[in-house]
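Engineer: Chain by chain, the residues run as shown.
There are 4 protein chains.
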Amino acid sequence: MVIILRPQVNYTILKNILSTIQEAGFTGYQAGKKAIVVHNNDETLQAKLKTLEGVENVVQVKSPYPLTSREFHPENTLIEVGGHVIGGDEPTIMAGPCSIESLENIIEIAEAVKKAGGHVLRGGAFKPRSSPYSFQGHGEEGLKMMALAREKTGLPIISEVMEPEKVALVAEYVDILQIGARNMQNYPLLREVGKSGKPVMLKRGLSATIEEWLMSAEYVLAQDNPNVMLCERGIRTYETATRNTLDLNAVPVVQHLSHLPVIVDPSHGVGKSQYVNAMARAGIAAGATGVIVEIHPDPAKAWSDAAQTIDFDQFNQMVDDVNRIAAAVSPTLSRTTVHA
Amino acid sequence: MVIILRPQVNYTILKNILSTIQEAGFTGYQAGKKAIVVHNNDETLQAKLKTLEGVENVVQVKSPYPLTSREFHPENTLIEVGGHVIGGDEPTIMAGPCSIESLENIIEIAEAVKKAGGHVLRGGAFKPRSSPYSFQGHGEEGLKMMALAREKTGLPIISEVMEPEKVALVAEYVDILQIGARNMQNYPLLREVGKSGKPVMLKRGLSATIEEWLMSAEYVLAQDNPNVMLCERGIRTYETATRNTLDLNAVPVVQHLSHLPVIVDPSHGVGKSQYVNAMARAGIAAGATGVIVEIHPDPAKAWSDAAQTIDFDQFNQMVDDVNRIAAAVSPTLSRTTVHA
Amino acid sequence: MVIILRPQVNYTILKNILSTIQEAGFTGYQAGKKAIVVHNNDETLQAKLKTLEGVENVVQVKSPYPLTSREFHPENTLIEVGGHVIGGDEPTIMAGPCSIESLENIIEIAEAVKKAGGHVLRGGAFKPRSSPYSFQGHGEEGLKMMALAREKTGLPIISEVMEPEKVALVAEYVDILQIGARNMQNYPLLREVGKSGKPVMLKRGLSATIEEWLMSAEYVLAQDNPNVMLCERGIRTYETATRNTLDLNAVPVVQHLSHLPVIVDPSHGVGKSQYVNAMARAGIAAGATGVIVEIHPDPAKAWSDAAQTIDFDQFNQMVDDVNRIAAAVSPTLSRTTVHA
Amino acid sequence: MVIILRPQVNYTILKNILSTIQEAGFTGYQAGKKAIVVHNNDETLQAKLKTLEGVENVVQVKSPYPLTSREFHPENTLIEVGGHVIGGDEPTIMAGPCSIESLENIIEIAEAVKKAGGHVLRGGAFKPRSSPYSFQGHGEEGLKMMALAREKTGLPIISEVMEPEKVALVAEYVDILQIGARNMQNYPLLREVGKSGKPVMLKRGLSATIEEWLMSAEYVLAQDNPNVMLCERGIRTYETATRNTLDLNAVPVVQHLSHLPVIVDPSHGVGKSQYVNAMARAGIAAGATGVIVEIHPDPAKAWSDAAQTIDFDQFNQMVDDVNRIAAAVSPTLSRTTVHA
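Residue numbers (the working numbering), protein chains in the order written: chain H, 1 to 340; chain W, 1 to 340; chain L, 1 to 340; chain A, 1 to 340.
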């Protein structure tokens with residue numbers, strides 16, 4: 001169950017609630033300032049808790065990730081970023097280079113994103129690289145370039161943060177903090193982005209189950225940060241014809257289990273530029289809220305991820321296709337409703 | 001390279017071609033009566049072969065599955081079954097029960113398929129079951145029931161064949177022979193369905209790579225049977241939230257590599273009825289030629305695969321959704337063209 | 001439960017047993033002439049069945065593969081082949097070429113196997129190949145060569161059979177019928193090798209779960225053929241540094257769940273000759289009953305599987321190492337006992 | 001290539017070396033104070049570099065993880081911890097509870113480890129947990145308890161560190177810093193443990209390739225910390241009969257590619273206590289340097305990982321078995337030599 005607290009509950013009242021739970025033989029975990037989670041739905045306890053001072057409501061939830069679950073929060077979560085609503089009926093388009101290369105480059109790309117009708121500019125400043133001897137990103141300089149591109153175009157920006165100590169720094173520049181696949185279970189980092197209050201995009205780990213992914217989202221939500229979106233970016237399988245296997249099955253499954261918006265990343269998911277459009281279309285048709293893709297004016301010359309990066313013409317075509325698919329998914333029902 | 005033979009080449013002429021190949025240090029493999037495959041593209045040999053009696057043409061192909069490859073056969077393969085063209089612009093809808101249960105049941109279902117605008121009736125007569133103590137299908141009796149359902153509705157029928165000795169029997173009744181996932185590399189069976197000349201639907205093995213799948217198709221094509229369609233039905237991954245992982249990435253990849261039509265099976269792919277529609281839509285948006293689904297008037301009472309079977313209302317909705325998506329994929333280009 | 005029948009039960013008696021089961025609301029499945037399987041352990045029914053004519057005993061079994069389970073048959077199954085006992089304390093060594101190449105070649109190899117202290121000669125006559133244009137084995141001619149090698153050395157022989165129609169032919173020559181990984185769920189083939197009464201080695205499918213593997217063994221046992229050994233030969237994972245991932249975890253798990261002997265195949269399992277010895281040692285240390293490996297006088301010239309084939313010196317070293325490990329596993333307990 | 005620098009190279013000399021590399025068209029990456037890595041083996045450049053001031057030697061290496069590779073460092077790395085040598089002929093035994101529960105508990109366990117002949121005490125103080133509502137470990141208090149257990153028994157201790165900011169704190173207490181599977185690609189953390197100079201045990205990520213694992217080790221070595229051991233702890237596959245799939249194939253592969261010691265963790269690898277001994281034996285037979293296991297006086301009451309934890313009797317038996325296997329692996333060659 002989730003015990004929802006009234007605003008401004010003081011220490012004595014809180015202690016009384018926690019003691020009541022403990023006396024009943026259970027443990028209460030504080031999930032931020034607004035909620036307490038108990039791994040049980042005991043009805044006697046529930047009735048008793050409802051009578052206590054400081055308790056707004058008690059909600060039965062069976063899920064191991066209560067705040068993230070649709071059981072607890074039946075409506076879709078909507079996240080507003082720079083005037084655009086993520087999780088609503090309009091599909092969200094995020095695009096940009098894998099690595100930020102130079103100010104000219106990021107501005108040229110931002111303008112292409114804007115012109116095509118995209119909503120968010122992506123770009124890597126702190127880059128997690130398999131080799132210590134690869135380019136690790138421009139760091140804060142890169143974030144400054146992105147901020148200038150935002151000024152020019154009005155597009156909100158998203159960039160990855162890799163360690164708890166850098167959350168404050170990155171949050172100063174970006175509109176959405178990205179947690180990369182390698183860090184999906186970096187719990188100190190999840191807690192820190194939770195505390196930041198900024199919108200967070202949580203990528204699915206390379207071989208994370210959907211349950212583990214939602215449990216990781218719970219780490220962020222349990223810090224009173226409700227603005228989490230999930231990003232399916234391909235899982236690791238035995239298949240080598242594609243870089244990863246974009247798992248679109250996860251889209252309706254997550255929408256069934258959780259109220260958080262789901263974005264798909266066909267660039268990393270399939271890993272070859274000629275298949276990106278097809279997988280973007282498929283992601284939207286599966287009910288995803290949006291797509292995030294890697295674009296570059298000359299993909300062959302991109303500093304990283306060249307093989308999966310599309311050019312501006314391909315991007316324009318993709319935006320058109322994605323919008324047409326979104327419109328076709330369902331004229332009567334909400335696009336993101338799971339309906340068999 | 002593939003050496004295309006003129007019709008009615010006699011033994012002496014054929015022997016001369018094979019000797020010429022051997023003298024050049026290579027091996028020629030007969031692929032039916034119409035082609036010889038050499039694992040090499042030596043230009044001198046190619047020039048020489050073109051001058052030989054009985055040789056219609058010589059085509060350079062690098063692929064390990066030459067007849068199946070788009071290199072060899074750039075146009076999409078179209079397969080006509082019962083008046084419907086598989087591989088064309090109209091999405092193909094195949095539907096029916098997992099197991100054929102009774103004559104009334106299969107007729108009721110066939111009528112629902114017909115009414116909804118479906119094109120092919122599926123149904124299991126010979127069932128591969130993990131346990132020797134599960135219902136193994138009605139066998140030939142089941143096929144007779146399907147044939148009656150075809151008479152009633154005009155729908156062509158598809159059913160699985162599991163062993164070489166039964167190919168002739170099953171082919172007598174069905175319009176399309178299905179090779180199940182467990183038999184994707186049952187080479188004697190592939191040769192036999194090849195020889196039958198009937199259209200074949202080859203399901204991808206549970207953990208087959210795309211290359212292995214196309215190599216298995218080659219076994220059928222190498223018996224002079226060009227009427228092969230491929231069916232993506234989910235691969236095995238670590239994820240347990242879904243029965244399998246429907247690998248939609250395979251759709252554009254296969255279309256890039258091969259000219260054969262690709263059908264997706266969201267029922268087996270995702271394995272839970274509430275997600276079937278979303279995955280059917282996504283499959284079509286990815287560019288698939290059609291979908292095959294399990295339907296039943298009362299899924300909870302289906303003899304097998306109950307959890308993944310949809311009812312008639314859900315099926316009607318799915319057909320509508322799939323058709324709307326197909327129309328939206330691209331108004332200008334062919335829906336099955338791979339375009340990034 | 002498993003109902004064990006008395007010898008020579010006639011039709012009327014059998015029918016009475018099956019009717020009694022049906023009247024209780026269950027289904028009885030005949031597992032050969034000696035047993036009936038019911039997916040339930042209802043005690044009233046059990047008591048009643050024990051009183052019926054023709055019933056020797058009734059054994060409670062919860063496993064979905066009752067005859068294969070250790071619940072039903074607590075002692076290890078021992079299989080005697082050519083004077084050697086598979087499943088006993090001495091580790092079984094099977095070795096030979098991937099493909100039988102020529103009579104001289106197979107005799108040379110057989111003599112090396114014999115000399116090193118091996119027990120069974122392996123060799124491929126009917127070869128399942130991914131490409132229709134690869135060498136498919138010498139077929140019956142190959143089996144004749146193996147039979148001559150057996151005559152020369154006294155070693156029993158094992159070879160693969162790929163289709164039901166060929167079981168009688170292959171069984172005429174070999175001492176053990178091998179079911180390859182691709183055919184683990186080829187049920188008509190499993191039934192046929194069951195009926196043959198010959199010892200069978202059932203390889204685990206490329207991505208078969210342990211439960212599916214044991215269910216496939218049940219198909220053979222349900223034909224009154226108790227002489228089944230299981231062979232772990234590597235599963236498909238995302239790792240590409242090895243050909244497959246030899247899953248040694250399966251060894252103690254299978255020994256816990258089943259009474260059938262387990263052989264490991266490090267050649268296919270790891271797929272690179274330099275790692276074969278280490279994995280053979282590890283397999284025996286995990287408790288496997290024996291190993292099967294590919295050897296060749298000159299691996300680089302082997303017609304197939306060259307990369308994973310070891311030469312005679314490496315084989316001699318491996319036999320020594322494996323025997324030393326087997327002796328070290330446990331001086332007091334049986335080597336194949338699962339003891340944490 | 002790797003350019004090995006003379007001790008105490010000053011800035012001007014270093015700058016000259018880096019410029020020489022750049023003028024030749026390549027990039028030089030500093031790997032600590034002692035080496036520069038260039039992703040190329042150009043012979044002209046190599047000859048030139050050898051003549052420069054400050055250059056001790058230049059070594060040709062093709063591997064993407066040069067310092068970690070056996071190409072660069074042919075001898076096994078030996079790591080001395082508390083008087084015991086990891087990587088030598090005696091197998092290393094590390095054992096302890098999943099979570100440190102109380103001072104009495106950890107001391108009782110430490111004494112059992114010592115008595116059985118174990119070498120290192122493991123215990124979790126900072127615990128990465130999938131759920132934010134699970135026990136997250138005693139933190140620094142836990143480390144203090146471990147330090148007291150070390151005082152009592154003389155056993156060196158190993159514990160996990162989860163974030164860069166905590167490295168200094170954890171390093172103050174432990175003898176070996178453990179990087180958990182979830183953090184294998186947490187690069188800021190890898191750099192920080194590298195800088196600490198402490199021995200590091202790097203667990204393989206849940207679905208990391210062997211190459212990615214060795215690249216992560218390179219991050220540590222590139223900070224002048226040569227004391228890295230690798231720990232195989234099971235990979236994620238489709239199999240559900242075991243918690244993970246302990247990939248023993250990785251043992252000989254890593255020993256072939258790298259000079260770093262390899263430890264196996266059968267507790268997490270197979271995840272069920274009854275199979276831990278078999279997999280420990282198999283790991284040592286495959287050539288691993290040691291094993292790390294979870295033990296508890298009463299596993300059923302362990303605060304975490306109860307199902308995979310063995311009791312003291314089982315542990316004593318395992319130590320005996322492992323030592324007997326280690327002695328048997330090879331009397332003439334070094335146990336960790338890869339010899340087919």
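Just so you know, the hints here were simulated from the structure itself, not pulled from any lab data.
Treat the hints loosely; a few may be bogus.
You can't tell identical chains apart in this list, so a pair holds if it fits in one copy or across any two.
[Said to hold, decoys possible] The calculated lysine-lysine pairs, modelled on BS3-like cross-linking and capped at a C-alpha distance of 27 angstroms, are:
1) K115 <-> K195
2) K195 <-> K114
3) K166 <-> K152
4) K195 <-> K272
5) K166 <-> K198
6) K62 <-> K301
7) K33 <-> K166
8) K62 <-> K144
9) K198 <-> K33
10) K62 <-> K152
11) K62 <-> K115
12) K166 <-> K195
13) K272 <-> K62
Engineer: Would you mind marking each hint as holding or not holding in the structure?
Structural biologist: Evaluated hints:
1. Taking identical chains as interchangeable, the C-alpha atoms of K115 and K195 are never at most 27 angstroms apart, the minima being 34 angstroms within one chain and 46 angstroms between chains.
2. Taking the shortest Cα distances, K195 and K114 never come within 27 angstroms of each other, neither inside one copy (31 angstroms) nor across copies (43 angstroms).
3. For the homomeric pair K166 and K152, the shortest alpha-carbon distance inside one copy (25 angstroms) is at most 27 angstroms, but the shortest distance between copies (40 angstroms) is not.
4. Taking identical chains as interchangeable, the C-alpha atoms of K195 and K272 are never at most 27 angstroms apart, the minima being 36 angstroms within one chain and 37 angstroms between chains.
5. Taking identical chains as interchangeable, the C-alpha atoms of K166 and K198 lie at most 27 angstroms apart whether they share a chain (14 angstroms) or sit on different chains (24 angstroms).
6. Taking the closest pair of Cα atoms, K62 and K301 come within 27 angstroms of each other only across two copies (25 angstroms); inside a single copy the shortest separation is 50 angstroms, beyond that limit.
7. In this homomeric assembly, K33 and K166 come within 27 angstroms of each other (Cα to Cα) both inside a single copy, at 24 angstroms, and across copies, at 26 angstroms.
8. Proximity of K62 to K144 under the C-alpha cut-off of 27 angstroms is found in neither arrangement, the shortest distances being 44 angstroms within a copy and 37 angstroms between copies.
9. Within a single copy, K198 and K33 get their C-alpha atoms as close as 17 angstroms, which meets the 27 angstroms cut-off; across copies the closest is 39 angstroms, which misses it.
10. When the C-alpha separation of K62 and K152 is checked against a cutoff of 27 angstroms, the pair qualifies neither within a copy, at 47 angstroms, nor between copies, at 45 angstroms.
11. Taking the closest pair of Cα atoms, K62 and K115 never come within 27 angstroms of each other, the shortest separation being 46 angstroms inside a single copy and 41 angstroms across copies.
12. Taking the shortest alpha-carbon separations for K166 and K195, both the intra-copy value of 13 angstroms and the inter-copy value of 19 angstroms come in at or below 27 angstroms.
13. For the homomeric pair K272 and K62, the shortest alpha-carbon distance between copies (20 angstroms) is at most 27 angstroms, but the shortest distance inside one copy (40 angstroms) is not.
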